[in-house]
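Spelled out, the chains give:
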Amino acid sequence: MNKAKRVLIVLVVLGLAFLFLMPSIRWYFFIPKDEKILATGSSEQIREYAWRMARNDLAELEKAARESGDQPLPAGLQWMADRAKKLYKDLGKQAPSTWTAKAVLAAYDSRKSAMSDIEDRYRTRILQLKNLQNTVVQLGLDLSGGMSVVIRADLPALEAKLGHSLSLSEREEAMSRALEVLNNRIDKFGLTEPVIRRQGEDGIYVEIPGAADPERINSIIMGRGRLAFHIVDDEATARLNEYLTRNPSGIDADLKVADPSIVPAGNVVRKFYKKDKYGLDEWTGRYLVITEEPGLDGNHIQRAERTNDPITGEPNIIFVLDSEGGEIFYALTSANVGKTLAVVLDDRIKAGARISEAIRESVRMTGFSVEESANLALILRSAALPVELIVESQQAIGASLGEDSIEEGKRAVLIGLLAVMAFMLLYYKGAGINAALAQVINLYLMLSILSGFNLTLTLPAIAGFVLTVGMSVDANVIIFERIKEELRAGKGRRAAIEAGFGKAFWAVMDGNITTIIAALFLAQLGSGPIQGFAVSLAIGNLSSLFTSLFVSRLLFDFGTDRGLKGVSISWRIK
Amino acid sequence: MKRVIRFDRGFLAAALISVALIAFGVFGLATKGINLGVDFQAGINQYVQLVYPAVDVSYSGAGNAVLSVSDTRAVLVFSGADVENRTIEYDLAAAGTLADLAASLSSQPGVSARVIDGAGKPAASLVPTYQGDIRLTADAARLSREPETEAEYFAGMDKVRAAASTIGSVSVQSIGERIRQQYIIRLRDDGSDSKFSTTSAERIRTALEAAFGPGRVVVMKTDFVGARFSKDLADNAWKLTLFTVLAILAYATARFKIQYALGAVLAILHDALIMIAFIVWTRIEFNTSTLAAILTILGYSINDTIVIFDRIREDRRLLPTEPFHSVLNKSITETLGRTVITTVTTLLAVLALYFFTTGSIKDFALALFVGIISGTYSTIFIATAFVAFWNDTAEKRKKSQSAASAAKKPGNAPALKPAK
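These protein sequences, in sequence, are chains V and W. Going by numbering that gives the first Met the number 0, the letters in the first sequence line up with residues 0 to 573, in that order. Going by numbering that gives the first Met the number 0, the letters in the second sequence line up with residues 0 to 419, in that order.
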């Protein structure tokens, strides 16, 4: 291969590595902390943020439009002029020469579409940040601070309760019920969205970045999901919606309404949720006013299933109550015919259904899509068959300890690198520059691979880096020693380098491949920390193959072409 | 040409020393046992700091206000729709006294900070918000401070142990500087209490608060591992070590001859056993980090061994008539420079880890240090010695076979056997 091609390959690799690194650099060094807090929230928190911002902006815009006809656009809403220009064009209308608040508003056919336009803009911006965050080096909990919990669903206890062993599909369903209950509380964990995922047959892994308070988190995780039926106050709900149109920030994060006259005593505001296409809860943007006390507690449910109506074929949900529950439900429904009944799980309204008549034990709910009814049946069954959760392991580490660890890690990498580089320069003189440069490139490549593949950086992974810095010099050392031997045997620069690299090739390959084998096995072991270490070890070995066999060779060849005769590689060999 | 060092003279002595060291380790393992960390033994490790209550902070404005305190900085972040989004940082060293810091916190709209104790103490004495960033609400969140002087010191191992002992048999360890009053409290999960996992963290805190007073205990870190988890990890560790060794054996057999592969594996097993002996006798905690150190050394040592084997193979080809032992000596001598330099650079990196980190990574570095020295030594004195031993035995057998076949020939009297 000629030299130009080799230089090109090195440049392409370095450039690619830079592309991999870019998002991480942007996220960790250029995004302000307050934006990060928003971006790491759950999609619902982001939705809520966009919703509130849109309402505030629109209110400001309307106020400006009301006050005078030629009020300019409020600062921060200038982007709307561009949007409006496009809308005017689409409608075939003549765009005004100056954009006033009034003119901008006139571009939208309804208040609602203006609102959703603004909301979209905020949401898109934060979601873009969130996507960015998903493409960067993730910090492990030991560095970012936070908590990880491994939970096991106590299926044997459920079997004992049911009196028979669980079939495979029953086990699966029990697990999805347990996950449903946990996902339902996702916002209670804090401002950062937790990771909740199934692990193995009966395990659930929960990771909560930022929070490291086991006592609080345990109570959130272990608390039983509470399912209940509440009666909706339709009048108050309408009043609330009308009020919120006028006062966009009239409701706080705890769902308290600023004007106490809107929600009658004994009632509370709750949000209404639907499943999105990923099966996760998504707030519909609606609030309902419901009775504070449940009309019926979910623990009266004995079983629930989804069926199809024998005549119309429409999906139905049928659930059966115990006899006490039947009495309560009869009293409740007969007093509230024509009103809406809300199914509420842990303060989230999951479904609403109109009460058409008084009902006793056996309840049929209709008017849902196939998917909705399957979800609802699952939720209803989670009350009938609660799965006990057992904490298997739990690690909690504060963010400040994580910061200390990052500092320690940085220092260890830096000092390790400097020490090794200094040693190589002292021992190998000119060739040491080669090795030192190869080490820097090596570290750079390792970081970019971490970033490009969204791997997680943990303290053990940093330890892996430091170790790799020391170990990966080995490839250079093997080659240099070979070159020295060839020089001693009387060869000239070009021949010695040629023979040195050629003879060292397999020794370098064999040594690195065996280490990578060990690292890959290590990566299978147990939990995150060791994986991080093993992955960084394997990556380090791979990239050191590249730097020692390819980059360093190129540097030597450049020297040869510059007309160098000897090799500056030792104090004894001239 | 360099003078060839006769390494083979040391093979027997080295084998004896290694056997003795390993036997010493096995003896320690049998009598003292290994100091199993929380990963491998079900239970809870609670890291606590004994403190003074300092400042109560509450927030009554809109949006989110998040406060975090680290060793050097306090950061207050406002975010959300109904509040001007901003980040305010305080350098604790430059923030003056706690009263000054509270005053500047309170100057933010909606934030109210009230000093409870130690108004004149420096802001830098604040204890970090170990349990994560605090989302401020109308209910005040508590910041604590560490003792500044010896007169304020109120803890001590005995007192902490006595306080924690009220909930069962605990072990207590002091970490960090004495004046900072930081301790690890370890409580085993013997499986008798089904609620252990969810209640023990609180029980430890409550027991300490009962002894030292409310608000005097801050939890820094909690590690809990249940019985099944630790058993799974132990099982996995065994299997993985085995598979790693088998995979290396397979690769080395494919690239070299079987005696080389066996020699290499013998050397890495030797290193693992030496490290375990070290861990047993120094009472270093055996946890996932130390296990990772052992597995890393497997990789390091095999690398080292393969490089020498590679050279032996090459030299054998170049000098087919030379006796095997002198080829060995020559190859080891030729690669000695590389062996020493790689060992030195790796040790430099490990020393950087050892001196600049704390906690489990420090132990990890220490175990690595021992492993690297053992790995370098075993490459020369165990792996190659085994290959030499194998070759000698094979040659002897060949000789005695040819002698035996020679003896069968008529007319060859046994008395004519060549004398040594």
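Among the hints, erroneous ones may be present.
Among the chain W residues that face chain V by a calculated CB cut under 7 Å, a handful are [stated by the list, open to error]:
#1 Gln130
#2 Phe153
#3 Lys220
Derived by calculation from the structure, the hints in this document are not laboratory data. A quick note: this is a predicted structure, and the numbers were derived from the prediction, not measured. All residues carry an ideal CB built from backbone N, CA and C; glycine is no exception.
Here's how the hints hold up against the structure:
Among the interface hints, the one on Gln130(W) holds; its C-beta lies about 4 Å from the nearest C-beta in chain V, closer than the 7 Å criterion. Interface hint status for Phe153(W): violated, as the beta-carbon distance to the closest one in chain V is roughly 22 Å, over 7 Å. A hinted interface residue such as Lys220(W) counts as satisfied when its beta carbon comes closer than 7 Å to some beta carbon of chain V; here the least separation is about 5 Å, so the hint holds.
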